[in-house]
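Undergrad: With these hints in hand, go ahead and build the complete structure from the sequences.
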Amino acid sequence: MEEKRHILSLLVENEFGSLSRIAGLFSARGYNIHCLNVAPTNDESISRMTLVTFCNEQKIQKLMRLLEKLVDVVNVKDLTGETHIEREMLLMKIKCNKKQRNELKRLTDIFRARIIDVSDTTYTIELTGVAEKILAFINSLGNIKIIEMVRSGTLGISRGAESLQSKG
Amino acid sequence: MKLSGSEIIIECLKKEGVEYIFGYPGGAVLHIYDALFANKKIKHILVRHEQGATHAADGYARACGKPGIVLVTSGPGITNCVTGLATAHMDSIPMIVISGQVSRAYVGSDAFQEADATGITRPVTKHNFLVDTRESIPEVFKKAFMIATTGRPGPVLIDVPKDLTDPKIKIPFEYPKKIKLRSYKPIKSDNKNKITEAAKLICDASKPMIYTGGGVILGKAHNQLKTLVKKLKFPITNTLMGLGGYPGSDENFLGMLGMHGTYEANMAMHECDVLLAIGARFDDRVTGDTTKFCPSAKIIHIDVDPSSISKIIEVDLSLVGQTSKVLNDLNKAIDLKKKNIKVNKIKKWWNQINKWRQKKCLNYKKSNKIIKPQLVIEKLYELTKGDAYITSDVGQHQMWAAQYYKFDKPNRWINSGGLGTMGFGLPAAMGVQFAHPKSSVICITGEASILMCIQELSTCLQYRLPLKIVNLNNRYMGMVRQWQEFFYEGRYAMSYMDALPDFAKLASSFGHEGITIEKPDDLEPMMKSALSKKDKLVFIDVITDQAENVYPMIQSGKGHHEMHLSPTGSDTELA
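If you're matching them up, the sequences are chains A and B in order. For the first sequence, this note's numbering gives the first residue as 82, with consecutive numbering after it. For the second sequence, this note's numbering gives the first residue as 3, with consecutive numbering after it.
Please note: incorrect hints may appear among the correct ones.
If you only want the chain B side, here are some residues facing chain A, beta carbon under 7 angstroms, derived [claimed, not checked]: (1) S105; (2) Y108; (3) L132; (4) R184.
Cut-off 25 angstroms, straight-line C-alpha distance, at most; resulting in silico cross-link-like pairs (BS3-like, lysine-lysine) [what the hints assert, rightly or not]: (5) K140/A - K313/B; (6) K143/A - K362/B; (7) K362/B - K235/B.
In case anyone wonders, no lab produced these hints; they're calculated from the structure. Glycine is no exception: its CB is placed at the ideal position from the N, C-alpha and C atoms.
TA: Take a look at the structure:
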């Protein structure tokens, strides 16, 4: 069976050890975590997690059932199965001398990125978009030296009125 | 009412109706032990090693259905519980382990006897808690008991930092009557239309087979199962964990299935056209090669745990829910008084099964010189009239016990099926004896397994537990030796038990009676006399045939129809 990219959205109890329980399930059952994001929500007792993994249909079904079984998991949804919006944020520090500044400014404009910090020798750039756009930007840098970069990992939400509820 | 954290813990346990705690004191739980000392209701059983405490609590839970309770200290106290937790977790046994933790101010500082208890036990518990405030203790206990005992049961750990149990700080106590956990849905069932569909599949089967596991026993569904089987007159097999879920001496029962299952059970699995799996999890020791599993069957799976469905074998129809409830619904749907409900005639199928039965796959070569291990179990079955509580360790003796002792009632066969924990049998038997003080409790073990928790003989004396230990002593790790004979050309690497103790003397040094049986003629009278001693523990060391193997056997990578039968039985060929 074909391996596909799945974006899982989870609502989890904001409790000690929740993240470790979920990460532990992935390693114990032999699933990879491509990227993972955890942050608080409007309900302070709940954290939302977005997680990307690659696996086939049969394995994703099993994974969903195992995640649902975890006592700390309030709700879980595979966003890939429905229309959804996904975004990722990139923060990147690159080497930039005076000669390169114009070229870099043009490039950031093309990608609708923003230069958020400048030093004598560097630019720090912020870019938001789907994962492909982030990759395209990185690839377009050519010979420009990346000093460091950090990506948020994919964030996802359903389109329209659909939502992930904290039932109960 | 104002109570200290320690007193609150004891009160919580009382509210949950706890009778026994199996435990071992230490620095981090001394406040709790002090509060326990003052109480009159809960009895504390002092084991000799924390692993023993977990197995005893586990045995207690398996025998009476109530959760087993363990109390241990921090650090080595809790790390010694890991095997017991994993054992209970694999077999879905309700258990609460309360472990002490260093005071909150020291957590994370590598303090004396500090271990990350929740971190270490996370993969081997259904859930675990690190208590962080005194006020949350009642809520945590209520949640822990609910999680341990509902849905698919399992062990829960509660880690309590020592400062929270300080006797000087008292707070108001109230035990919550009800608790809701939004993230915990123990049973999700949506079977409405599926019950009719399942009933139809079952009624139309021409070669049906029922395969049931521990879920029938845990879900207390044995009566509903019996009703169904008697009504349908279908053949039924049990997994190792499911023995006793259906009467072992009944004519519809084909014996255990799987790696060491009977010829008839495994062949019927291979040939059936409809398989009804109930509270069983398609373990690899049951399925053999999954690509050859039940090749022509439509499979219906009843289980309380949705994550068990199609985990290993893709099933055609799943019914998620408490096994007793789903079987009730199924029994109602298959109402033979209704005109439109008719069960297919399966006489041909039974003729075929009876032919398989004639292989008599459990026959073994008798001897008047050396004691055959199978004979010991057969005699034990006769002498106890099949009515004892039997615990076992892990290995050949476990398989022989499962094959030759017929369990007619649930909760009588207590063994570590999933994890396969050597050392389980003796402490588990202690727990069983506490659950059923007047019943006959027998631990069937081997000389290798028994040495893994032998220290518990001391606990048995302290509480005057009149267990009988039947040690099938072949001076080998029998199952390891068997595999080395079959798959490693007889290179018996490290499987010979050299320098064994004299078990009879060992037992007597612990204050018990010990006997050694060496001749087949002595077996029955000596065992009978030992079993008649109702007030003391007797260690029955039986010197058995060193070369005996467990048959039938499905080697790994083979299917149910590719069993190895006993060369001394009726058929020496591969089936």
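Undergrad: Determine which of the earlier numbered hints do not hold for this structure and return their numbers in increasing order.
TA: 1, 2, 6
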